[in-house]
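Chemist: Spelled out from the first residue to the last, the chains are:
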Amino acid sequence: MARAPKAPKAEELLDFDFSPPAADWMETPVDFKPGTFCYGAKGKNLDIMDLPNARDWSPTDEDWRLPAEWQGTIIEGLADRMKKYRSFRLFLDICVRCGACADKCHFYLGSGDPKNMPVLRAELLRSVYRRYFTRPGKLFGRLAGARDLTVDVLKEWWYYFFQCTECRRCSVFCPYGIDQAEITLMGRELLNLLGLNTDWIAGPVANCFMNGNHVGLEPQTIMSNVEFLLEDIETITGRHIEPSFNRKGAEILFVAPSGDLYAEPGTYTCMGYLMLFDQLGLDYTMSTYASEGGNFGFFTSNETAKRLNAKIYAEARRLGVKWILGGECGHMWRLVNQYMDTWNGPADFLEQPVSPVTGTKFTNAAATRMVHITEFTADLLYHNKIKVDKSRNDHLVITYHDSCNTARGMGLLEEPRYILRRICNNFVEMPEDTIREKTFCCGSGAGLNAGENMELRLRGGFPRANAVKYVREKHGVNVLANICALDRASLPALMDYWVPGVKVMGVHELLGNALVLDGEIERTLDLRSDDLPGKEEEAIV
Amino acid sequence: MKIWPSFLAALALVLLAWAGVGLFHWQTLFGVVIPYLAFLTFVAGFIRRVVLWGRSAVPFRIPTTCGQQKTLPWIKQDKLENPSSPWQVLGRMCLEVFLFRSLFRNIRTEKRGAALGFGSAKWLWLGGLVFHWSMLIILLRHLRLFLNPVPAPIRGLEALDSFLQIGAPLLYITDLTIVFALTYLFLRRVVVPSVRYISQPADYFPLLLLLAAALSGILMRWFFRVDIRAVKELTMGLVTFHPLPPGQLSIGVIFYIHIFLVSCLFAYFPWSKLMHAGGVFLSPTRNMSNNSRAVRHVNPWNYPVKTHAYAEYEEQFREKMRKAGLPLETE
Amino acid sequence: MYKGGGIIVGLTVFCLVATAPFLLNIGRAAESGPTLSLDTPAIHLLSDPSCVESASYMRAEHMRLLAEWRDQAVREGRSEYVNSAGAIFALSLEESCLQCHSNRAEFCDACHNYAAVEPYCWECHDGGATGS
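Protein chains in written order, with the working numbering: chain A, 2 to 542; chain B, -10 to 320; chain C, 1457 to 1588.
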């Protein structure tokens, strides 16, 4: 397999403008530019999931080794999905190409490639829909915006549907709410009918299916990872915490994105969760089986997503917990909010979530019975149930990045901000066109956070970084807070490249720093075991 | 250029009506038969298209949330941008349908050297809104030709639309605004490079057809006047299903050009992107409440899937789990 | 979920709105527009009952002609109108038009009401509504 190309210099990356090429887009064949796409899915990973046409292949291969009847498969698949999803069928029909979405996509804003305008990315598929399903398309062809489904078209689909992070920003501005994410989801489903996934998605899917989490951590490894974090907590705070895994009869099952269990800086966020739970004396447990809140299945197909998601309820039922608490993760929460109960519910074996600390009933989670940790923590802070020392975060100037999914697939906007305002003194917002429902994606969501497509990620992350740079120059921002594991995995590289000097921290890492534990030692270190400025001197004195 | 096929098509339609009535005197065809067929196509095609959409399931509750969710009681919910009840959804939909709320959010993003800049971009919203409202008022105004006696609200609308009292017959404000708005919408497709790049014949054609229909109406009112009484006799004949033989009514060719272009628009409607008029009501990202965590949403085609059960997992890792001291279901 | 109920309600509303012009006319026979009788005492008294222009011209163009007359009379002080055949008429609504068409209610208003037109002639002119 080819080595990942090195990312070009910033000036080279930014050497583009938004003027479209002279040639019509239908006459512009796809160019697989190294650094902008992921490796093809390995056969063994598709086999584990019983997905079709499992084989090893590379997108740069001339012959993708498609099944003989591949066109029929796609057309049938298209028809099937049009019946199953009104969103899809409707969005194929009603776009007027007004162009409001065009300059809203972070990949377009970072590359200038017109096929990254959401409207054109959708037209890649619409043109085929028209050709095979509409009368004008059948009769008039090109004149009606229709074209044949060829191998080149398929390759173009693959390239551009894996250049969309399903962030839904375009959908916010569309007068009909057309959501490119829906088109991309369907496009990827169709590609998966032919075994055309990326390995960065197929691998984690197979891992998650077999071992319970994306990297394939085995139960004893999860435990030792967490024990390692608990040792760090003891060093930093003097507090000894006992972990709890797969414990039956606990009140709450806590599910985090697995990134928080093993990879920096997510692990610091995990330390924040663990400290909070211990301080509250929460009766909770974590599962090594349902050890993944995230779901790369969603970037493959609806069925795959459901198969992976099923573990959460199954484990909650097995352990006999009352309700589920979920960690900081973006697409995990879109799925919990909009899909989980529909897929794998009803969760009638659980109880309506009630905070054991404040007695607050989480009525907005009455059916799904899963609460977002920032809802839980904001409630604690509002009722003053935990003590915090804001000054421990005084050396930080913090801005907050809304992750796409919690912003546009849920509307979780104020909870994390409330927490941040309660635990730090220096919180500033990025420009309003780049936050909340208009937030920019990290550029690596929906399974694009691989290494081999770093150039693409840097381009896609440019609009977000651009806004961070603005507040860094204006307010000296040095922390980009977030509530998403993919953000924590991808934004550090993005910041190092575009805005050096900005650290990426989960909200609960910052909470962990400020949280005053009963009987803790004087804090001189933050959760990263770095010196806490100001505090170390006091300690010396 | 993708404009020319659309331009030629629109021009051909004008010429067709002109020749049909002006040269061949097919008044009944253009004044009665085609309008009936066009209207029938419109209604049947519209219903068919909506039924097609309606027969597709809404498996998941996927509103695009554009504001704060309903959550803890002390956090203010943005009820119109993130509705959690049917009434709030109704409010959101009214904003979308009547005021184009989402388009009003539009911002322009520019690359300024190594930075991106954001600017206001309300022109598309304004142009779209002005066109659609003008269109609605014009349609309602035309009811004066289909109702007898003309109801007071229609008379009122007529008076309001012509309250400037310019010229004789009076100038309609919406005649001006619709032409301006359509011209703007057309020109931006021609002039703005990125919009030109994404535009297709199917985008230019309806604009040109609408523009031609509007202009033919304006020409008829101001330049090639026709006997309005005869026109109303014809239109009343249509809506009472007793069409008069229009050959006996002396109405100028311009009227037949106008009614033919409008007929074409009606007939074209259900087969085209103009169906966004019906589609906007069905858009799952806008017409659903964001309450799927509180109220279960059922997917009609939900089916059982193969999962990797805990028992299989324990089987797979039993020894390792035992060593790590994890509780086991079966020893 | 299909939301079928909503779609049926929506389509019903659509059908009602789209076919409203037909529905509102149910039970009405085809009507021709108002017939304007020129058989009036006022016309019989005239020696030459011909109009300033042809009837078909007047049907389509009278509003423009009258607007021009108004401007010519008020602004330019003209008092004569030479028609397309070269005949000369008094350029005056009262003296030319209303001499024949003294029956405003039956003549002018009949068509104006039929087509929902509200000319502003009568803001100044009496038009014989009260009998000249």
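The hints are simulated quantities; they were obtained by calculation from the structure and are not laboratory data.
Please read all numbers here as calculations on a predicted model, not as lab measurements.
One thing to keep in mind: the hints can contain errors.
[Claimed, not checked] The calculated lysine-lysine pairs, modelled on DSS-like cross-linking and capped at a C-alpha distance of 30 Å, are:
1. B:K65 to A:K391
2. A:K504 to A:K475
3. A:K249 to B:K(-9)
4. B:K65 to A:K439
5. B:K309 to A:K43
6. B:K68 to A:K156
7. A:K85 to B:K111
8. B:K68 to A:K439
[Stated by the list, open to error] Restraint ranges, calculated between C-beta atoms of paired labels, are given here:
9. C:S1503 to B:L129: 46 to 54 Å
10. B:F230 to C:A1523: 47 to 55 Å
11. A:D349 to B:R44: 24 to 32 Å
12. B:L129 to A:E474: 31 to 39 Å
13. B:H231 to C:L1492: 54 to 62 Å
14. A:T525 to B:S109: 47 to 55 Å
15. B:A104 to A:T61: 50 to 58 Å
16. A:E474 to B:E318: 55 to 63 Å
17. C:A1523 to B:T17: 51 to 59 Å
18. B:T296 to A:T525: 45 to 53 Å
The beta-carbon is built from N, C-alpha and C at its ideal position, and this holds for glycine as well.
Chemist: Hint by hint, note whether the structure agrees.
Modeler: Taking the hints in turn, this is what the structure says about them:
As the CA atoms of K65 of chain B and K391 of chain A are separated by approximately 25 Å, the hinted pair is consistent with the 30 Å bound. With a C-alpha separation of about 17 Å, the suggested pairing of K504 of chain A with K475 of chain A holds against the 30 Å cut-off. About 67 Å separates the Cα atoms of K249 of chain A and K(-9) of chain B, which puts this hinted pair outside 30 Å; it is violated. About 19 Å separates the Cα atoms of K65 of chain B and K439 of chain A, which keeps this hinted pair within 30 Å; it holds.
Distance restraint check for K309 of chain B and K43 of chain A: the Cα-Cα separation of roughly 28 Å lies within the 30 Å cut-off, and the hinted pair is therefore satisfied. For the proposed pair K68 of chain B and K156 of chain A, the alpha carbon gap of about 42 Å is over 30 Å, so the pair is violated. Our distance criterion of 30 Å between C-alpha atoms is broken by K85 of chain A and K111 of chain B, whose separation comes to about 36 Å. Restraint check: the Cα-Cα separation between K68 of chain B and K439 of chain A comes to about 17 Å, which is no more than 30 Å; the hinted pair holds.
Between S1503 of chain C and L129 of chain B the Cβ separation comes to about 48 Å, which falls inside the hinted range of 46 to 54 Å. Between F230 of chain B and A1523 of chain C the C-beta distance comes to about 37 Å, which lies outside the given range of 47 to 55 Å. Range check, D349 of chain A to R44 of chain B: about 31 Å between beta-carbon atoms, so the 24 to 32 Å window is met. Checked against the hint of 31 to 39 Å, the pair L129 of chain B and E474 of chain A fails, with Cβ atoms roughly 54 Å apart.
At about 22 Å, the beta-carbon gap between H231 of chain B and L1492 of chain C misses the expected band of 54 to 62 Å. Between T525 of chain A and S109 of chain B the beta carbon distance is about 49 Å. The supplied range of 47 to 55 Å therefore holds. Between A104 of chain B and T61 of chain A the Cβ separation comes to about 34 Å, which falls outside the hinted range of 50 to 58 Å. A C-beta distance of roughly 57 Å is found between E474 of chain A and E318 of chain B, which places it inside the suggested range of 55 to 63 Å.
Distance hint for A1523 of chain C and T17 of chain B: a CB-CB separation of about 34 Å, inconsistent with the stated range 51 to 59 Å. Checked against the given bound of 45 to 53 Å, the beta carbons of T296 of chain B and T525 of chain A, roughly 47 Å apart, stay inside it.
Going down the numbered hints, you'll see the structure goes against 3, 6, 7, 10, 12, 13, 15, 17, while the others check out.
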